[in-house]
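Colleague: With the sequences and hints as input, model every part of the structure.
Taking our numbering, the leading residue of the sequence shown gets 1, the next gets one more, and so forth.
Possibly wrong hints are sitting among the right ones.
[What the hints assert, rightly or not] For lysine to any residue, the following SDA-like pairs were computed, each having C-alpha atoms within a straight-line distance of at most 25 Å: (1) Lys110 <-> Gln88; (2) Lys110 <-> Arg77; (3) Lys17 <-> Ala386; (4) Lys170 <-> Gln140; (5) Lys349 <-> Glu330; (6) Lys349 <-> Ala388.
These aren't lab readings, by the way, just hints derived from the structure by calculation.
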Amino acid sequence: MVCEMNISQNGTISRYKFYEAVIQSHARLTYNQVGAMLEAPDSDEEAALREHYRELVPSLENLHALYKVLRQAREARGAIDFETTETQIVFNDERKIEKIVPRTRNDAHKLVEECMLAANVATARFLDKHDLPALYRVHQSPAPERLENLRVFLGELGLTLGGGDEPSPKDYQALREVIQGRPDFDIIQTVMLRSMSQAVYSPQNDGHFGLAYQAYAHFTSPIRRYPDLLVHRAIRSVIRGPRQTQTVQRAEGAPVEKPSIWCPYTFEQMVELGEHCSMTERRADDATRDVTDWLKCEFLSDKVGEVYEGTIASVTQFGIFVRLDDVYVEGLVHVTSLPSDYYHYEAEKHRLKGERSGVAYRLGDGVTVRIARVDLDDRKIDFDLADAAPRHRRTPRGQKSGGDAPTADAPAKKPSSRKSRPGKRERQGAAGSNDEGGKRRSRGPRQRGGKR
Numbered sequence: 001m002v003c004e005m006n007i008s009q010n011g012t013i014s015r016y017k018f019y020e021a022v023i024q025s026h027a028r029l030t031y032n033q034v035g036a037m038l039e040a041p042d043s044d045e046e047a048a049l050r051e052h053y054r055e056l057v058p059s060l061e062n063l064h065a066l067y068k069v070l071r072q073a074r075e076a077r078g079a080i081d082f083e084t085t086e087t088q089i090v091f092n093d094e095r096k097i098e099k100i101v102p103r104t105r106n107d108a109h110k111l112v113e114e115c116m117l118a119a120n121v122a123t124a125r126f127l128d129k130h131d132l133p134a135l136y137r138v139h140q141s142p143a144p145e146r147l148e149n150l151r152v153f154l155g156e157l158g159l160t161l162g163g164g165d166e167p168s169p170k171d172y173q174a175l176r177e178v179i180q181g182r183p184d185f186d187i188i189q190t191v192m193l194r195s196m197s198q199a200v201y202s203p204q205n206d207g208h209f210g211l212a213y214q215a216y217a218h219f220t221s222p223i224r225r226y227p228d229l230l231v232h233r234a235i236r237s238v239i240r241g242p243r244q245t246q247t248v249q250r251a252e253g254a255p256v257e258k259p260s261i262w263c264p265y266t267f268e269q270m271v272e273l274g275e276h277c278s279m280t281e282r283r284a285d286d287a288t289r290d291v292t293d294w295l296k297c298e299f300l301s302d303k304v305g306e307v308y309e310g311t312i313a314s315v316t317q318f319g320i321f322v323r324l325d326d327v328y329v330e331g332l333v334h335v336t337s338l339p340s341d342y343y344h345y346e347a348e349k350h351r352l353k354g355e356r357s358g359v360a361y362r363l364g365d366g367v368t369v370r371i372a373r374v375d376l377d378d379r380k381i382d383f384d385l386a387d388a389a390p391r392h393r394r395t396p397r398g399q400k401s402g403g404d405a406p407t408a409d410a411p412a413k414k415p416s417s418r419k420s421r422p423g424k425r426e427r428q429g430a431a432g433s434n435d436e437g438g439k440r441r442s443r444g445p446r447q448r449g450g451k452r
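Modeller: Okay, structure coming up:
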């Protein structure tokens, strides 16, 4: 299935057409090869690559110019552009993990991404125009509770999110531009990202908040995503149907068929399919995460006792999750491993704060940890603090740099019993936890190998 588009110099899709076809990849270029050809050659090898594919270079440069136009259109539209770090696991010749490194993206990756977004938008418009039963990719605006938590967090830093009760993607992007370059940029962006709703599949077109599209659908991956295959069936029902339009082209000699042959679904059936596909997407993500967690545990299994620098990636009522710097592996420092104190969990401020000492462990703080335990079966990694003092990387409004003043908060609830070690699901959900603040007691660092 092909989506052929005409795109203007300002990044607007002026015309599109769908038709069935088969392609043959002659050059079979890789992302790295194309990325090297799009940049000014820094070596003889890159210059030789451009020379070898000199007939293709003009087309690639034209695509590169298109990418820049589409990026400008994205910025003008106000789409949210979060910077996230994806990692890849590098194995050695013995099939053991050698290292975990950030995945780098060059302009070839970004070029393909922008073209796919354009095709997905054209597809959504086609579905809407022909009133076809198919699945849109829907991303709702942030829920009120998450939005309020975000505003409280921003208020601590003297920042605001525009838009009142209904902020737009432009409001999010404007805030992101304000915080660009701050030492706590990653922290603020993480909290902004956690305020977002989860995208789902639905036959009801409610737009895509994050990408700032009025209509959006998944079209480009029918061999691995069932919603895309359903979309292809809907489009094919028009291509092979009796009524031809300017947005489709039937192959010469192709039979005319009833639309119901390819798209026999009712709206109610599509609702069920959307719910099912949304569930299986989350299940696939969980499976991928489970395998990755096992591999990371295996990587650290022979490093128990070693000390690393890390960053607090999330805060929960039972402890802090720390991501090791330059290793990209997370583990838990349980509240019982923190210095002896009663700790208040303040969900909206993303911190655990000691009642007596006033010491706070906050999202984004730097800490020094020691690997205490690795459990391959449960995919769990435990850390102890090698240095009890957190390194604050953000300064709350109205305070000098150096952390919170050592004063106790207002009287809290009666201390509850110590929380048991979280299960896998609880740990995975910690990043998005919106639980009410509580109070947890720490008895100080436990002895290695002892019971909790």
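Colleague: List, from low to high, the hint numbers that the structure doesn't satisfy.
Modeller: Violated hint: only 3; rest satisfied.
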